[in-house]
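A.B. asks: Residue numbers (my numbering), protein chains in the order written: chain A, 1 to 183; chain B, 1 to 263.
Don't read these hints as lab results, they were simulated from the structure. Predicted model, so just to flag it, every value in this text is computed and none were measured. There may be inaccurate statements among the hints.
Said to hold, decoys possible - Some residues of chain B that are not near chain A, with every Cβ distance over 10 angstroms (derived):
{"hint": "1", "residue": "P133"}
{"hint": "2", "residue": "L136"}
{"hint": "3", "residue": "L166"}
{"hint": "4", "residue": "E193"}
{"hint": "5", "residue": "G215"}
{"hint": "6", "residue": "R225"}
{"hint": "7", "residue": "P238"}
What the hints assert, rightly or not - Heads up, incomplete: computed chain A residues facing chain B, CB under 10 angstroms, no partners named:
{"hint": "8", "residue": "V15"}
{"hint": "9", "residue": "E17"}
{"hint": "10", "residue": "G21"}
{"hint": "11", "residue": "T24"}
{"hint": "12", "residue": "A57"}
{"hint": "13", "residue": "W61"}
{"hint": "14", "residue": "R150"}
{"hint": "15", "residue": "T151"}
{"hint": "16", "residue": "L158"}
{"hint": "17", "residue": "G159"}
{"hint": "18", "residue": "V160"}
{"hint": "19", "residue": "E163"}
Where a beta carbon is used, it is the ideal one built from N, C-alpha and C, also for glycine.
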Amino acid sequence: MRRALASGAERLRVVAEDVLGAETRIDQVCVGPGGETLLVLHADAGRDLELVARGLAQRAWVEARLADWLQLAPDLGLRPEAGVGVLLLCPVFSVEARAAAASAGGRMRLATCHFEHEGSELRAWIAPVENDAPRPLPASRSAEPVAAFRTGLSDADLGVTDEEKSALESAAPREFRLPVRSD
Amino acid sequence: MARGLGDVLHYFLPEAEQGAARAPDAGPPARVDTAALPIVALPVAERDVVRAALAWNLTVEIARLGASASLLAPRNGDGGLLWPEPGRGPVGAELVLSPALDLDALYRDAADVAVQRAAEPGEGGVVLACVPPHWLRSRGENASLLRWALLFATPDARDLLETYALAKFLLRRRPDAVVGVTIHGVRRIAEAERAFQRLAGVATRHLGRAPRSYGLLVDDLHVYRAIVARRPIGLEHPQAPAAKALRDVARLVMADAQLQHRV
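Chain A with its partners taken away, still in its complex shape (with noise of 0.2 angstroms):
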């Protein structure tokens, strides 16, 4: 699987294998082209839908220590904002375990993979799962938390008294005009 991964794509590279993450370690970390992560995470049959789990897991806990990870090898090329993708590799995945992974998103990515003996040599054969099972609905837009206002000042920091303040917190008189009859 190695091989496979650093061979048989050039842009992606294999940084580290058998990473100790989230409790359970992490087969293999890439680094794509454009400094994406990627956790490929193997799993015999059967084991499909606890894999999904790892997953979500091991993505979480990989995205809180990027920066981390960044600062010990900045030579990494890895990029936090390109975000970090999840390769899931087992034989053969259940209804739902593809339903689970379709609802953490496009980061997660399902393939089948088998190994066949090409002469001497193992080689492994990796499959996309088009996963057709349904998303759920996006989050509501207006859902979505409005960015905060920063500053560092108070009204002292702009010279405005509390009169001031008062006065300009209170409605401006109006002037009411009566309607003028012309006749």
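Following the hints, put chain B in place on chain A, whose structure we already have.
C.D. replies: This is chain B only, laid out in the frame that chain A set:
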């Protein structure tokens, strides 16, 4: 059908989240990420003396924080009426005039300054690049300069509308852009906050993204006196509310610049 990993790699790489998708030309050249100071684009129209003055005053305030600060502007603009001679000015703030006639050329010049200044010892810094707003609308040009933009807006409804339109345009051009907004021309913080929240609320509802707040600048007689005198307000009246507000904006910009530089 089973395939080798190389054939299906694109399928597995992470996609940008919705609303934060990377434009085809997203991401500045590698040198900007690794060996250059961040560049902040400041849309400043011709004859917009207030924004031109704020741009230079902000540059000086960033320099006063001990960071490298360069203001780059097209040579044929009219900011020269307000700014000092090109070169290093007060507290090391630098003015660079560029012969650029379009966004691409201006970006190249800004990147050159960003690389040169990053090579100097120091605490990091930024390059502020004044961009004539009509240049933004030229199609087919590289939008690298628009990765991080800072817009100055007043609470006036018309001005907020123009700022919103500019933010919308920038985010369409570069969905990954950081669009910052500083509210200027206010007397109180609440006034600035209300204006920002109005803008952010509309942007969130209609664009799915809100601009990033970069504080406020106050409407102060000292600002206009400093413009007329061509003297940075932070040096002329360092204790004036306008100078304090400029320093606050400079701190916010530098805090984000350091984050970007670290990444």
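A.B. asks: Going through the numbered hints above, which ones does this structure break? Give me the numbers in ascending order.
C.D. replies: 4, 5, 8, 9, 10, 11, 12, 13, 19
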